[in-house]
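Residue numbers (our numbering), protein chains in the order written: chain H, 2 to 357; chain F, 2 to 357; chain G, 2 to 357; chain Y, 2 to 357.
The hints are simulated quantities; they were obtained by calculation from the structure and are not laboratory data.
Identical copies look the same in the list; a pair holds intra-copy or inter-copy alike.
Result set (DSS-like, lysine-lysine): computed pairs, CA atoms no more than 27 Å apart in a straight line:
{"#": "1", "residue 1": "Lys116", "residue 2": "Lys37"}
{"#": "2", "residue 1": "Lys336", "residue 2": "Lys2"}
{"#": "3", "residue 1": "Lys332", "residue 2": "Lys116"}
{"#": "4", "residue 1": "Lys344", "residue 2": "Lys10"}
{"#": "5", "residue 1": "Lys10", "residue 2": "Lys356"}
{"#": "6", "residue 1": "Lys356", "residue 2": "Lys344"}
{"#": "7", "residue 1": "Lys351", "residue 2": "Lys10"}
{"#": "8", "residue 1": "Lys116", "residue 2": "Lys334"}
{"#": "9", "residue 1": "Lys37", "residue 2": "Lys153"}
{"#": "10", "residue 1": "Lys116", "residue 2": "Lys336"}
{"#": "11", "residue 1": "Lys350", "residue 2": "Lys10"}
{"#": "12", "residue 1": "Lys336", "residue 2": "Lys37"}
{"#": "13", "residue 1": "Lys2", "residue 2": "Lys151"}
{"#": "14", "residue 1": "Lys2", "residue 2": "Lys153"}
All values derive from a computational prediction rather than experimental measurement.
Number of protein chains: 4
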Amino acid sequence: KRLREYGIKIGVLPTGKLNAITDVAGVQVGQVTLNKGTEVRTGVSAILPHAGNLFQEKVLAAVYVGNGFGKLAGSSQVQELGNLESPIILTNTLSVATAMNAVITHTLQQPGNEKVQSVNALVGETNDGGLNDIRGRHVTEKHVLEAIQKAKDGEVEEGNVGAGTGTICFGFKGGIGTSSRKLPPSLGGYTVGVLVQTNFGGVLQIAGAPVGEELERFSFRQQIMEKADGSCMIVVATDAPVDARNLERMAKRAMLGLGKTGGIASNGSGDYVISFSAHPGLRVPYESRERTQTVTLLRNDEMSPLFMATIEATEEAILNSLFKAETIVGKDKNKVEALPLEKTLDILKKHHVIKP
Amino acid sequence: KRLREYGIKIGVLPTGKLNAITDVAGVQVGQVTLNKGTEVRTGVSAILPHAGNLFQEKVLAAVYVGNGFGKLAGSSQVQELGNLESPIILTNTLSVATAMNAVITHTLQQPGNEKVQSVNALVGETNDGGLNDIRGRHVTEKHVLEAIQKAKDGEVEEGNVGAGTGTICFGFKGGIGTSSRKLPPSLGGYTVGVLVQTNFGGVLQIAGAPVGEELERFSFRQQIMEKADGSCMIVVATDAPVDARNLERMAKRAMLGLGKTGGIASNGSGDYVISFSAHPGLRVPYESRERTQTVTLLRNDEMSPLFMATIEATEEAILNSLFKAETIVGKDKNKVEALPLEKTLDILKKHHVIKP
Amino acid sequence: KRLREYGIKIGVLPTGKLNAITDVAGVQVGQVTLNKGTEVRTGVSAILPHAGNLFQEKVLAAVYVGNGFGKLAGSSQVQELGNLESPIILTNTLSVATAMNAVITHTLQQPGNEKVQSVNALVGETNDGGLNDIRGRHVTEKHVLEAIQKAKDGEVEEGNVGAGTGTICFGFKGGIGTSSRKLPPSLGGYTVGVLVQTNFGGVLQIAGAPVGEELERFSFRQQIMEKADGSCMIVVATDAPVDARNLERMAKRAMLGLGKTGGIASNGSGDYVISFSAHPGLRVPYESRERTQTVTLLRNDEMSPLFMATIEATEEAILNSLFKAETIVGKDKNKVEALPLEKTLDILKKHHVIKP
Amino acid sequence: KRLREYGIKIGVLPTGKLNAITDVAGVQVGQVTLNKGTEVRTGVSAILPHAGNLFQEKVLAAVYVGNGFGKLAGSSQVQELGNLESPIILTNTLSVATAMNAVITHTLQQPGNEKVQSVNALVGETNDGGLNDIRGRHVTEKHVLEAIQKAKDGEVEEGNVGAGTGTICFGFKGGIGTSSRKLPPSLGGYTVGVLVQTNFGGVLQIAGAPVGEELERFSFRQQIMEKADGSCMIVVATDAPVDARNLERMAKRAMLGLGKTGGIASNGSGDYVISFSAHPGLRVPYESRERTQTVTLLRNDEMSPLFMATIEATEEAILNSLFKAETIVGKDKNKVEALPLEKTLDILKKHHVIKP
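Excised from the complex, chain H in its bound form (with noise of 0.2 Å):
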């Protein structure tokens, strides 16, 4: 069950209707999942910020590089440009290539692009070799295809799913989680939604209270350091009217959601933030027969609401992946055990995270 479903609360602000990315009119999310054998654990999430051609309809976005021990392929576009010409994708560290090959192969291949000889793969990893054999290089071109081509609204797979499949958060399993925020009419009323594949260290925290130390698998000094590499992908979507500027300020926000989770963006994590504003009118024609562009943009006194929005959801999301996976075992039978429900949840009554 999700965090709600408990009773946890993250934050002051209402979430949107499914509680997801998703919530963000337009915006697409597809995955698959690679549970095969005893050796494969991995798997590709594809973010698709509308249903249309992307490539001819691109969006404003933009990348914040949290830290920078990591794979993300397309960022330098996104940052220089100011937008969005593809899918995000998301898979594990050694799979990025064969995403960026299957991102060229759909662009290529959607009616209106046959003459479109460049494309900027937007590709994030985290890396899942704890569980999966990961340099058997297990996910192809066909499985990101899939992934995109399933994409759809509505509810989202968190947990064991997709590019989540394998991946190991504060020790315990994670994965793909999601979430949103509303923001009520008089601050705008605008959407913001997250999704995040978590595959990072720290010391956990829910809601506040301290649950990695009370479980102890954080208390010895030594173990914490050992379990703090690892890495997030964070991908943040609105349907606010925000600039590259803006959607890049409201990016460097989610990272301040993942400290409040207790990651500490350790060494060895890559943690990125991709955001796009999926904005109808913000779109950027390819080609266009006009010199310029007529865009209602919010104000900078406007974005403090969306900056708390963006961090309650990426704190809500990540551990929405924690409370959604499941145990697994994976490579060499590896073992990771879900957050223990329990125990986790006594935690948070005597912390009065849950309200007894």
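Place chains F, G and Y on chain H using the hints.
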């Protein structure tokens, strides 16, 4: 009293002896408080990386911009050269220039600097215009020079002192706060010390407990946002032998500590982190007969414990600034209450932050 | 005389009417020259993006750091918010703080700013300590305010004036220089204007001709390097409707123009580019009842001609500063010669830069 | 023939022995040219910082983004950690992913890397779609592995080879080019070597002479802009003991060299500079029993000659790529002429670049 005196603990790492930035050997702090008449509530805090001639013996340093709505002077040279050649001064927004002039005066006058023609003064600020007649620009060069001269090691005054005299944090009286962490020998035994000037908003959490929400000061969203602006200056010192690149990475982590107190780095916030290594072996001579310098530097792989220490010390320094601050009346009879101690402790007990 | 009066042409694009930054509608320049006694050779140059209240009607702006060994104040706020709220002031290295104070005074005093408590002053500098008693800090707030008040459109004084009074460039007398480009209607018809304060080294090239080498001033490598330090402040204005992201890209190109004159952005150089759009439709109101602002912005695809215009105008502005500067004697009887006109023209003829 | 064989000299510093990137001790280059049938004009160039196991002995490195309209993979990890763990591969835009996969294969297979689960492949590209059937993605992993295996020191092939097989520069045939500078002993005696893949536009200048204009290829503004797009990959190697921060500063200067050839870093250009130090004393072991590493690093003050060397070698490498490239017919019978030698030499004589 400080946080720990109430039995509140932040994080998992032990503090240094004084739990202050001055636990880092060589670091000195001097503060001048301007609390005059009904309208002047401001001051100056000076942090000296070492007691010698900083221009002649620069320290490796970095600056990270959490949110750049602020007037930090001197940042680009630190970022380019990776070193710092002056005391770090904190004051109010409209007194940055005066403080720069004082630092220039100080540097030009130091023995050995008779021919110096260029000084990079690093001066940060937050805006105390709610309690202080900031437009009156009451800080003079003399005040700044006095703060530098008073700088000493040992305990650091916190709360309504120096540059924290008139600041407001989470709707309560903020100010100066400090904290430190000392890594166990197995992790290198290094010390990280943090000093903050707190003047920002969000939804206050203390050791994870939702104090802001429960005090109902922040229960109305409208109010949350109105109060969110402001700034936080964060100074991070370490004795670890860390170069500028890794000092910047440490600085970046300080923002996670800010996030854990409930800060959101709002649009109007000038959130800057200045970090430096006080390790004597890393000092950069202004002039040298040698073309090269031999240094012993920490490997990237060893940084994670320092990241964790930075996050913890920043969180605790911010909270110390609140616990040590006192109710004050300032400009236009504006009154800002200190954190209500009784109620806060009750909340912390309810949430098991303070063990019953 | 200016470069073009000798028949020297830079680049392929036509200049604006005045071949000056003031070709960009609304831009004003005011300069105060301090040429007093034997030791004072310094001054102030003020560039106003428009003649109104800049704090109430900010302009979109960016800052690019070519090499950060300098003291530019105010850069981080411009980079964060993408706008500029004050006149741009250029002066000497040790007078930046005084100029900031003057800009604060100016802003606080402007009608409509009675309640303003925060001002981001953008003040750049180069070091004129070779000719000027810089340690004497002879620039006063009054001088800066006078430069702001004197600002006007029309022709711009060049050479040994304002902030260029005591600067040295390529071993010759440098100073203030300006130039502009006006795109043909087919490329949008926009104007780009540049103003520079030149105080840097390298191996001078004029329209590609190796003037520095042939004058043998730079023939000894040792000497080349000794002379390489210094700085260049570059201000780029345009009437094109360009947002902060693309303004930063334009700013970045100005460094290519500096490179074409033979500059190398040496270690000790503070090379900063400030760019802004003076387009009236892009002004950002300090306060607004609206949550959003509608703007018409140039597409990325249209930026290349503006990049080329920026490069050309920067190159020519630097050369104008040399051609208009005059031999000067300053501090300690130091004499710096102007570019030797006869010899230079001979070289340019030999290299067919000036058609025979 | 190369530039210098015509008596053309760039800059004031002497070249290394081969005037090639391989003048930096240890650096190796391998290239595979795909010139097949009528439609395939592409290839791979591999640059190895040293001949050993790069993953086990990483080199200090940096990446500077001149203009980010490109697909360089691996940049964020280099920027974060300051080191490089793989060969540098250059190829065409749509083959980056394939090259990444090859680098991963190469690294996983190297003796000693049996347990490696994470590889950061640094792969750059330019778009050769004008002459090459780029959508056909004819580069295979095998080609990339072959380029790595063929890598050797000594002379470097230039022009229509490797990743430069199908590129176009200033409207003429571009390709691979290289050059080097060796500082005199008084400036440290260090070598800087540059290799470029040229595929960009602007207004060609050769040693300052306006060749592009005089050839009238660029006389119509409209045409200038149409031809401006494209990209330039620049690899800068040095044996100077320079850390990642100063390597980034060197990388930044390479763009000034590009500017001096008439490049404008147009909107559609992917202009990236990768720099590394091949100094054996700075290698970073993948694993170490030591917490620290002792290194002898060049002081900031000594960087300017290296900046100048980088600028000069970049300018000359670009020009070498043009002089060594040959007329080619490719995809759709598109023909791209080499730089017209006779006319060019006449222009250079007229402008006294070639002494009569």
